[in-house]
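Visitor: Build the full structure now, drawing on both the sequences and the hints.
Protein chains in written order, with my numbering: chain C, 194 to 305; chain F, 3 to 116.
Examples of chain F residues lying across from chain C (beta carbon under 10 Å, computed):
| hint | residue |
| --- | --- |
| 1 | Phe35 |
| 2 | Gln39 |
| 3 | Arg43 |
| 4 | Glu46 |
| 5 | Leu47 |
| 6 | Tyr50 |
| 7 | Asp58 |
| 8 | Cys94 |
| 9 | Arg101 |
| 10 | Glu104 |
| 11 | Tyr106 |
| 12 | Phe107 |
| 13 | Pro109 |
| 14 | Gly110 |
| 15 | Arg112 |
Computed cross-link-like contacts, SDA-like style, restricted to lysine to any residue with a CA-CA straight-line distance of at most 20 Å:
| hint | chain 1 | residue 1 | chain 2 | residue 2 |
| --- | --- | --- | --- | --- |
| 16 | C | Lys292 | F | Ile57 |
| 17 | C | Lys297 | F | Gln39 |
| 18 | C | Lys292 | F | Val55 |
If you are wondering where the hints come from, they were derived from the structure by calculation, not from laboratory data. Predicted, not measured: the structure shown is a model, and the values here were computed from it. In this text, a Cβ means the ideal position worked out from N, Cα and C, and glycines have one as well.
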Amino acid sequence: AQSVAQPEDQVNVAEGNPLTVKCTYSVSGNPYLFWYVQYPNRGLQFLLKYITGDNLVKGSYGFEAEFNKSQTSFHLKKPSALVSDSALYFCAVSRRDDKIIFGKGTRLHILP
Amino acid sequence: DAGVIQSPRHEVTEMGQEVTLRCKPISGHDYLFWYRQTMMRGLELLIYFNNNVPIDDSGMPEDRFSAKMPNASFSTLKIQPSEPRDSAVYFCASSSPPRAYEQYFGPGTRLTVT
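Guide: This is how it looks when you write it as structure tokens:
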């Protein structure tokens, strides 16, 4: 069975500092990996994906994520955090079918 | 495109009542997903459709829940009878091949059962 874990319920970062939101996954075969973001009172928005190719993928709003097969991780990163990045972030995994499994989410607080 | 449309945005009902949530996917999208989000359980996939046909309903919690997709532009999620533990935000999402994994979410329906 496929699963995804986000070990931190909340991450606090000062504005301008780099941020990392952690994600590890478990899936048989090659994974499809995703990050989604949810702002208050809104639905989830797709941020970026890893399907194949370069381990470092770039997405919307300056975010990027690094696929690490040996560590089964797909951490979300941004070099310089903005207050507007404060939101709930979901990591997700799929096994090339249409259903994707979401993690429980990590709340990111960017402190001014 | 207006995006995924859900109605109502908020629903407050009493225990035992029937609740119907509605969703209009993005035009041309072949996949439609229903999710439930709570603080305790996070985001759960309830059911998804492909070309109006239910593909996987293993996430539907019990027989009180049912979902239909009579045509490509409309889906309903019904709870009958409703219970307080059904209180949650219910999201509808749609997607289209070949990027079936890139789902577009609606704004959600916040359901409160008293």
